[in-house]
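Peer 1: Residue numbers (my numbering), protein chains in the order written: chain S, 1 to 300; chain W, 1001 to 1361.
Because the hints were derived from the structure by calculation, they are not lab data.
None of these values were measured; they are calculated from a predicted model.
Hints may be right or wrong, so weigh each one.
A short, non-exhaustive set of chain S residues, derived as facing chain W with CB atoms under 7 Å [as the list claims (entries may be wrong)]:
(1) Y189
(2) E191
(3) I195
(4) A280
Don't be surprised by glycine CBs; every beta carbon is placed ideally from N, CA and C.
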Amino acid sequence: MFDRFQNSRNALGLIFMLPAALLLLLFLTYPLGLGVWLGFTDAKVGRPGEWIGFENYVFIATDSVTQLALFNTLFYTTIASVLKFFLGLWLALLLNRNLRFKSFFRAVILLPYIVPTALSAIAFWWLFDAQFSIISWVLVKLGIIDTYIDFLGSPWNARFSVIAANVWRGVPFVAITLLAGLQTISPSYYEASAIDGATPWQQFRYVTLPLLTPIIAVVMTFSVLFTFTDFQLIYVITRGGPLNATHLMATLSFQRAISGGALGEGAAISIAMVPFLLAAIMFSYFGLQRRVWQQGGGDK
Amino acid sequence: MASVTIQGVKKKFGATDILHGVDIDIADGTFTVLVGPSGCGKSTLLRMIAGLEEITGGEIRIGDKRVNDLPPKERDIAMVFQNYALYPHMTVRDNMAFALMLAKQDKATIDAKVARAAEILALGALLDRYPRQLSGGQRQRVAMGRAIVRDPQVFLFDEPLSNLDAKLRVAMRSEIKELHQRLKTTSIYVTHDQIEAMTMGDKIVVMRDGRIEQTGSPLELYDHPANQFVAGFIGSPSMNFLPGILRRSADGLRVELADGTQLDAPPQSSGVDGQPVIFGTRPEHLTLVPEGAAHGGIPSRVVVMEPSGMDTFVACRHEGVELSAVFRERHDFAPGSTIHLQPDMKTAHLFSVDTGQRLAA
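Only chain S is shown next, with the shape it has when bound in the complex (with noise of 0.2 Å):
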């Protein structure tokens, strides 16, 4: 019986498959499950809730408070992303050259990334601050302008503001992953079509960029839904202000459900995220899927 169980190539899958499975169910499989749960509940803190059906949904959908965060989720998310597509391909493109000093230029690159987020939001915060700005401090001095800008005292400087901030932090994963999929393009594409009469424009354009899409929609990928459900950042810069003009839906839905109290409410406002995250992995996977030039042999 036990040699047979060790004979077995499924038993034993199993067996190797087991603890990757637990870890799996109790950190991602029961959080989510009770986010969804907790989302047809009135639950509060300290009051487990009753099923109360869509009710929390059909709120939040008529909430006002709810209803910009989700424009201002969908806002920070397009521009950001955008704004770290260009900026992340074309640092990629520079270091992508031979360059003095390259692998300190590319190291130099990632520190943003390697920094706590929770630290350079507050960097970002005395850089916009009212009365310490620098940026203010610098454009005063230099006569561009007489009074010092309100960074995060009015909604569309805010928004701007905290964009500004996500797009620094996020442009050296963008930057870096580019990069790397610019190296594994072979230079002889680039010397052949050399011959063949293309332009440096021509060839980003027929060369570079084509077979850089799939690395371009991977990342792209992430860099959307890192976006979408950014907290850090704005929590520590704004806390969602002013008038709420920076909420987005995460930041909207903890402090629903951690600051006020209201778990389903919160609960809701998270769950209400998920369609949207779908609809940017259905896009980048049924839009930007492998190409037939990808994959190996065979006809069409």
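With chain S held as given, fit chain W onto it using these hints.
Peer 2: Below, chain W without anything else, positioned relative to chain S:
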């Protein structure tokens, strides 16, 4: 079509000299092969002709145009790369049409040119496939198709067959040669394989360490190598080299090997009496001295027999020097037995021990 003139061309990478002043004249419509061991600078030279490497010194002309400072696209050349460099995200058709599209030719012209190249190379059925879906030989043909559609002044080939298996290599070799006979476009072909060089080239340029060792037609190089390096590099199995002393006397020239064996030397050889020389003879120019014959030849101990059916290859050893012989007849010598090999004096060569140059009057 155009001639290519290479005059005193030098190349340095940092402080390292790759090419030390190379001169080659390539006539219009010929097929020239640059051959040499790896690191001899042949690929670098080809890339300099293509415009992919800068020229440190000297001059390259295509036709009557000096191209030193022209970018690749203005040199009117096409290149076939070792790894083919087919754009993986484009179909065969698009790969071939790419250069024409960049040149803003109209669609009908592009289609006609691609169709013609596809017909020449029998690629018609593959036009809508991606490079990934092709075999090595097919990719090789697409790479050539990409060169043909441009109808350039010069074709450049950078070891195009080295990624193919032995059988396909032989087939593609004659395909490229046939193509050249048909198109008559000036071609420069880089390879490290001397058989490719011998079978394909109108003219062969043998290079070593950034210098040209000899330039000539395949059989010129085979029959009259300028030095020991060319003699050893061209021909397979390669030429046998035996060290000896030149003896000049009234009854002619002789070479005395280390063990005292006396060999007739090629009568037209130069060199002084007592000069140390290398005696060179090709494996197929050795004949077997019949058992019990008076005159000895080179006594050699049989190491390995390799009968291939068509001929018999015998690896032997004389005084520690490897010798190989090829016989058209079939033999069956026992390993370890001694045979006597007589070199053909008319085709043998003497080389100077000091300079490696052939000693010819």
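Peer 1: Which of the listed hints are broken here?
Peer 2: 4
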